[in-house]
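Use these hints to put chain B onto chain F, whose structure you have.
The listed protein sequences correspond, in order, to chains F and B. Here the first sequence is numbered in this note's numbering, starting from 1 and rising by one per residue. Here the second sequence is numbered in this note's numbering, starting from 1 and rising by one per residue.
Hint data in this document are derived by calculation from the structure and do not stem from the laboratory. Misleading hints may appear alongside valid ones.
Unchecked claim - Incomplete in silico selection of chain F near chain B, CB under 10 angstroms:
(1) Y313
(2) F316
(3) L320
(4) Y323
(5) Y324
(6) N326
(7) P328
(8) F359
(9) T364
(10) R365
(11) V444
(12) H447
The C-beta atom is built at its ideal place from N, Cα and C for all residues, glycine as well.
Listed below, chain by chain, are the residues.
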Amino acid sequence: MSQMDQFEFTGKQKRNVFLILVIGLVLMVLGIFIEMSGGGGHHEEHGLLNNSSGQVASLMAHDQAEGSHAEEAGGHHGYHWYQRLYANLWINNMYFMGIGIIGLFFFAIQYVARAGWSASIIRVMLAYAHWIPYGAVLIILVFFLANHDLFHWTHESLYVEFLEDGSPNPEYDEIIVGKAGFLNMPFYWARMLIGLGVWTGAFFLLRKYTLAEDQEGGTKYYHKSVTTSAIFIIFFAVSSSILAWDWIMSIDTHWYSTMFGWYIFASWFVTGLASITLMTVWLKKLGYLPMVNENHIHDLGKFVFGFSIFWTYIWFSQFLLIYYANIPEETVYFWERLNSHTYAPLFYLNLLLNFFLPFLLLMTRDSKRQWLMLRIVTSIVIVGHFIDFYLMITPGTLKAHGGIGFMEIGTYLVYLGLFAFVVLNGLSRYKLVPANHPMLEESVHHHI
Amino acid sequence: MDLKKNYLVGVFDDDDVLLNAIPKIRESGIKIEDVYTPFPVHGIEEKLGYKRSKMSVAAFCFGMCGTSFAIWMQTWMLGFDWPMIIGGKNFISAPPFVPVTFELTVLIGSLGMVGTFFVMAGLAPWAKPRIFDLRSTDDKHVMAIDLAANSRSENEIQGMLQSNGAAEVYRKDFED
Numbered sequence: 001m002s003q004m005d006q007f008e009f010t011g012k013q014k015r016n017v018f019l020i021l022v023i024g025l026v027l028m029v030l031g032i033f034i035e036m037s038g039g040g041g042h043h044e045e046h047g048l049l050n051n052s053s054g055q056v057a058s059l060m061a062h063d064q065a066e067g068s069h070a071e072e073a074g075g076h077h078g079y080h081w082y083q084r085l086y087a088n089l090w091i092n093n094m095y096f097m098g099i100g101i102i103g104l105f106f107f108a109i110q111y112v113a114r115a116g117w118s119a120s121i122i123r124v125m126l127a128y129a130h131w132i133p134y135g136a137v138l139i140i141l142v143f144f145l146a147n148h149d150l151f152h153w154t155h156e157s158l159y160v161e162f163l164e165d166g167s168p169n170p171e172y173d174e175i176i177v178g179k180a181g182f183l184n185m186p187f188y189w190a191r192m193l194i195g196l197g198v199w200t201g202a203f204f205l206l207r208k209y210t211l212a213e214d215q216e217g218g219t220k221y222y223h224k225s226v227t228t229s230a231i232f233i234i235f236f237a238v239s240s241s242i243l244a245w246d247w248i249m250s251i252d253t254h255w256y257s258t259m260f261g262w263y264i265f266a267s268w269f270v271t272g273l274a275s276i277t278l279m280t281v282w283l284k285k286l287g288y289l290p291m292v293n294e295n296h297i298h299d300l301g302k303f304v305f306g307f308s309i310f311w312t313y314i315w316f317s318q319f320l321l322i323y324y325a326n327i328p329e330e331t332v333y334f335w336e337r338l339n340s341h342t343y344a345p346l347f348y349l350n351l352l353l354n355f356f357l358p359f360l361l362l363m364t365r366d367s368k369r370q371w372l373m374l375r376i377v378t379s380i381v382i383v384g385h386f387i388d389f390y391l392m393i394t395p396g397t398l399k400a401h402g403g404i405g406f407m408e409i410g411t412y413l414v415y416l417g418l419f420a421f422v423v424l425n426g427l428s429r430y431k432l433v434p435a436n437h438p439m440l441e442e443s444v445h446h447h448i
Numbered sequence: 001m002d003l004k005k006n007y008l009v010g011v012f013d014d015d016d017v018l019l020n021a022i023p024k025i026r027e028s029g030i031k032i033e034d035v036y037t038p039f040p041v042h043g044i045e046e047k048l049g050y051k052r053s054k055m056s057v058a059a060f061c062f063g064m065c066g067t068s069f070a071i072w073m074q075t076w077m078l079g080f081d082w083p084m085i086i087g088g089k090n091f092i093s094a095p096p097f098v099p100v101t102f103e104l105t106v107l108i109g110s111l112g113m114v115g116t117f118f119v120m121a122g123l124a125p126w127a128k129p130r131i132f133d134l135r136s137t138d139d140k141h142v143m144a145i146d147l148a149a150n151s152r153s154e155n156e157i158q159g160m161l162q163s164n165g166a167a168e169v170y171r172k173d174f175e176d
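Looking at chain F on its own, in the form it has when it is part of the complex (with noise of 0.2 angstroms):
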């Protein structure tokens, strides 16, 4: 019984880890070096492949009548193979970050909430939050090396009017020079920095409260954890939108959407739920958790179902007022992801994924009360969501050279290894049940 208190990290769990890490390796040297041998005639070939219809011409023609820079982000100095690692390296910071913070919000959320029925199980959501420091290197780090090739807007030449010889810069783009008030390297930098630094150092403070109740007990740090864990909520919910709109919406500069934001905080909830719930699941599989039963399990069922439905919400309510409102410089981010033949099939299948099957699959009772249907839906959610911010970075930054080969699934596992090593790693650091938690009684009573 005590050895089921802590969750132990086996050398056999270590070396899947390490497996998937080592194939996902192997996978994205392949895709690099096949992105690489691809070279010149990579972008003839996939011209033609997408030009089928004309479109990627006319969308080329569309970027020079309205920009005057007829190739983005990636091509400004032509297409090189290592934006496709650049951009898939930061689709991959994006995706995990988000599985982190959630893990750290939804934890927060408990507290204030003062919820009960959580109580066993916070433990999960808190391992989750171990990859926050690390992905935060990671987003810094990659950054850093590739801000010139992932967003448009870092490059000093577009606000340049005039350039030596007193002519007009051909590359002066009015629109990007308008946004230079909020999108500015000090300026990205420094809220890149604060919110990494905040999420970061709520972490620990959080993760310090709880395990020093382990020792201590009695109902201090419970309140200590209330207080720090309502001021990171507030603070989340702001540097979250803007974060999103930094580093995800930027990369299409002369888009907007004041949905998005929210749209990706959608996006990344449902993931962290999904994890949250597999994760418990798993343990559950594996002997651990005793004191959760069924209906801890139906519950975090309702919270995948219903976040799924809240994320369609939000991915509909973005899309719809695009398509009514039908002004082109607001359509052209949907347009460019249906009139491709790379992005459109991922489009459907976005949806399909992330709505319409956890939407059946766990309609009824039953299927949340079901191990094996949890697994599958939450598996499909999570896989359904790499596909979404690969959506929302993948056209921006590559235009027609983007596509999913093995680059992409390698460096998803690369991520995946690291992420389970590090989230498992702290999880088995500690208790994996709160044992002085002052509402750890109702937990173990929780039936609906």
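Just chain B now, with coordinates in the frame of chain F:
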């Protein structure tokens, strides 16, 4: 046809006593018609052996009625009866139909469920509810046992109720 109904009514002071009494009374072969409590008592449904409500089936049927009504209504209004050009879109186009379809599904589904609930719970306008004991709206738990549905004698049932903690047991007859 004899419309007269004879009941034995057991009154309990405490919900814990009630929850302990129900399985014992049921195990002894006595059929309980219903229990009326002043507040929701957690877990009483399982103890009384209630089957899961079929309300979700009603919800689905009413919801589908709402969906099909909404789709038909919009298609007919905007496509055939009075086509209007809005933002250059097709007369019949899926995206703008989604919000109305969603809302009507929820509306018809929820109104239908409320109606179904009232009928199923015996609260329909034409229903004549049997009031066993008015104190079940205040602070007493009231258990109703239909004597005609039980083969055991009245005295036996009365003894069973009293030995399981009923504060009062009395007989109540209804004329219809």
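These are the hints, each one checked on the structure:
Evaluation of the Y313/F hint against chain B yields a held restraint, the C-beta minimum of about 9 angstroms falling below 10 angstroms. Look at F316/F: its Cβ gets to within about 6 angstroms of chain B, closer than 10 angstroms, so that hint holds up. Look at L320/F: its Cβ gets to within about 5 angstroms of chain B, closer than 10 angstroms, so that hint holds up. Hint status for Y323/F relative to chain B: holds, with the closest Cβ pair at about 5 angstroms, below 10 angstroms.
Using the Cβ-Cβ criterion of 10 angstroms, the hint placing Y324/F at the interface with chain B is satisfied: the shortest such distance is roughly 6 angstroms. Restraint check, N326/F versus chain B: the minimum CB separation of about 6 angstroms is within 10 angstroms; hint holds. A cut of 10 angstroms between beta carbons decides the hint on P328/F: the least distance to chain B is about 13 angstroms, and the hint is violated. Using the Cβ-Cβ criterion of 10 angstroms, the hint placing F359/F at the interface with chain B is not satisfied: the shortest such distance is roughly 12 angstroms.
With a cut of 10 angstroms, the hint placing T364/F at the interface with chain B holds, because the nearest CB-to-CB distance is about 8 angstroms. Hint status for R365/F relative to chain B: holds, with the closest Cβ pair at about 8 angstroms, below 10 angstroms. Of the supplied interface hints, the one on V444/F is violated, with its beta-carbon coming no nearer than about 15 angstroms to a beta-carbon of chain B, more than 10 angstroms. Taken as an interface hint, H447/F checks out: its beta carbon lies about 7 angstroms from the nearest beta carbon of chain B, inside 10 angstroms.
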